[in-house]
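Participant: Model the placement of chain B on the given structure of chain A, informed by the hints.
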Amino acid sequence: MNSPSGERPAQLRVVVVGHVDHGKSTLIGRLLHDTGNLNEHRLQEIRAAGERRSVPFEWSFVLDALQGERDQAVTIDTTRIWLRLPQRDLVLIDAPGHTEFLRNMVTGASEADAALLVVDADAGVSEQTRRHALLLDLIGVRSAVVAINKMDLVDYSEARFGQIRDELAGMLQRIGIAAQTFVPVAARDGDNVVRASVNMPWYAGSSVLDAITALESSLRAPGSLRIAVQGVLRRNLERIIVGRVAAGAIAVGDEVLISPSRVRARVRSIESWPPDGRTEAHYGDAVGFTLDGAAFVDRGDVISSPLGAPAPATEVRARLVWLGRAPLTSGDRLGLRIGTRLAYVEVKTLERVIDIDSLAARDTESVHANDVAEVVLKSRDVLAIDTAGGHAGLARFVLIDGLDIVGGGTVLAALDAPNAATNDLVPVGHLFDRDQRAWRNGHRGAVIWLTGLPAAGKSTLAMLAEQKLFERGFQTYVLDGDNIRAGLGSDLGFAHADRSENIRRVGEVAALFADAGTIAIAAFISPYRADRDRARRAAGTAFHEVYVKADASVCEARDPKGHYRQARAGTLKDFTGITGDYEPPPHPDLVIDTSVISPPDAAAQLLEYIERVVRLEPGATRSANA
Amino acid sequence: MQERSPSLLDELEARSIAILREAYFRVSPLMMLWSMGKDSTALLWLTRKAFFGAVPFPVVLLDTEMELPEVYDFRDELAAAWKLDVRNELCPPEASIDPSLPPATRAAARKTAGLRALIDRGKYRGVIVGIRRDEQATRAKERIFSPRAPDGAWDVKRQPAELWDVYHTDVPDGHHLRIHPLLHWTELDVWRYTQRENIPIVPLYLARDGKRYRSLGEKNITNPIASNAATIADIIAELESTTTSERAGRVMDHEAEDAFERLRTGGYM
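Protein chains in written order, with our numbering: chain A, 1 to 626; chain B, 1 to 269.
If you only want the chain B side, here are some residues facing chain A, beta carbon under 7 angstroms, derived:
hint : residue
1    : P6
2    : E11
3    : I17
4    : F52
5    : A140
6    : P160
7    : A161
8    : W164
9    : V166
10   : H168
Subject to a maximum C-alpha distance of 35 angstroms in a straight line, what follows is the list of computed DSBU-like cross-link-like pairs (lysine-lysine):
hint : chain 1 : residue 1 : chain 2 : residue 2
11   : A       : K348      : B       : K157
12   : B       : K49       : A       : K468
13   : A       : K378      : B       : K157
Listed next, the stretches of chain B that the computed footprint assigns to chain A, with coverage defined by at least 3 CB atoms under 8 angstroms from CB atoms of chain A:
hint : stretch
14   : 20 to 34
15   : 128 to 139
Hints listed in this document are in silico derivations from the structure and should not be mistaken for laboratory results. Glycine included, each C-beta is placed from N, C-alpha and C at the ideal position.
If we strip away everything but chain A, and leave its shape as in the complex, we get (with noise of 0.2 angstroms):
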């Protein structure tokens, strides 16, 4: 799989984890060597070593490369190891297993795309196995692949295999780990680890490797915009605001939303050195970008599309992992950094230690190292808030105190969010039915309802309009002849009465999608006055009709699917515009003149009016309705 400049793809990264004496270090320089990736000098560097203390060889030795460790026979800290194959690379993220040093297990894992799970078969599923599967969800690392190692120690016994592999899967699944692969393994001795085991014929499964790399990237962010603002670079008289995406796309001319100010602002250039004239970026991309007006932007804002913004709150409840050496209590005061935001809070509420035995919560009174616990968390200020459910890239945060970090986690609800919205969001008093799904999707339902002749464009223009709404983070639907007729009409026919009947369903369906949150876009000749009324009064103020316009003449030349012409020549009856008559609308609420604009123009036009009337500012909804 091949980027599409033909580069090598990015690597994957995999965090090794599992109980100190499981054996993850012996896996890994068996990785490395059984892959041809074990540096020939390295490898005499480390036999020679192990001479002189006259220590027979093992494989761990080949990570315990630190005099510290290799005193006490344990990883202290992450390292890290790349494993160069075929097709991408791969870097292993050895992470101690020691709860001691569980601080470079989190730091390691929170590189991760992936882990490998690492569990002694003799000596099964320990503490630290289910803390560090706690560890890995908290962190984000959700996909990963269990080595059931030492396989050697239990007679390559399928039956313990069989225990291990399902007590371990009823776990994971319960922490929200989904691991594709349970692999059993004598990494001492190499079975299943790059080759097959001759030891196990039982297992027709994947090796170690070929699971890893089977594995695909837990980093892809889709979602619309998310840039956490580093800050603002002057050059010039130009403020160029620098941040990584963290998801979505930015591109010249999108309108953003400023967090937490919710101020509106439209970019007007996507910077690059070299220049290299691009005028948007994408997921990943370190990007700097200018944009049109005075709005202040300063460091720690978020940036996103105006449609589903970062919440406003103060109040938080979040799961963490508290590294500090005194317990957390309630009261404490903590800096908080989220995103490129530091910001003040106090602990006004322990809500529960997950016990690492049961996995079930409990009630507490105070947060010790390396527990897993779940908090209320106010600020002084307004925080532009993600949660771990749908942003999770700026949904994490780190704990300080004073000068040291204390703890890291992920916000799981803002708990205020509705009291601290600003002028541009509904009261939650006024709110009835059909405005909490507004709410919810961040914007109105609504049917657009585009009717013209046959070829004026309805249907490309409605295709290139849901294609962009859905980019942009809406909820949105085509109807159209395609799938009405097909089905909900496919007893009609295209004589007045049956075609009255047809737009009558249509009618109904996209009131029923409207009421429900969606965008509903209509594309149908509909040529008769009273049928498009009709459907307007099934959606009532949800309805707005675009007439597409466009001269028969110019219909009649594209003629996309030979219709006219059928028409012309008699083989084709009841064709509007040239047997059947059409009914313009008198008074529509948006006219586009295919005949004098592009598609894509055509499209813009179309979109700024969807955007404008969907927009949950209260009065702007029914303005553009004559």
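Facilitator: Frame of chain A, contents of chain B only:
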């Protein structure tokens, strides 16, 4: 939203640029070490990308006056072409260095002493260094923002947590941060990037008469390797098949098993 799979180099570059900007906005005063080697020169190029053509902090050479002449020439050419604020920091003489260290390690320790003096004098809170995790086992344990005590010491056993890209940059007065924007790159990545971006290099990296420098250190403690790689493309091909380590030509790495670790714990890069 259209799915895009970023290329290896694009992803590495974006991450480094974000780290450089984070350093710039959070740590002051700030400087960058430039050894004129391929890594710190690629780092300079990334800096220019991060700040739209400018290098907004001083660029420091820890000078033992033992670099190869081609290296000094390269410094002067690039400093003029890229309008760099280059500071040449003369390191203390070998006589002032701990005599218990092996000879080549002692030479490296001169740089550590020079760096410490410079930090004290300039009250720097941040030093950007182009080290990589794949170079050397102890460097593999590094943080991207790595705190140092006033004597430059690195406490590898008590490193703070570093979570996602939420970097911690607060250190007590008198302490400083080593900032490592290339930590996640490999030697091969740097060469592929140098080739793609057309970044200048010291010509000693390219083979002449069957020998080239794979790693550039002082002339008395660095040896060239046997190689016929006369272009960057040749170097990349050579590295794709080699299993010898990059620093094999660096004498100090082999004098004692823990020599490099002792150097680093004492403040070496």
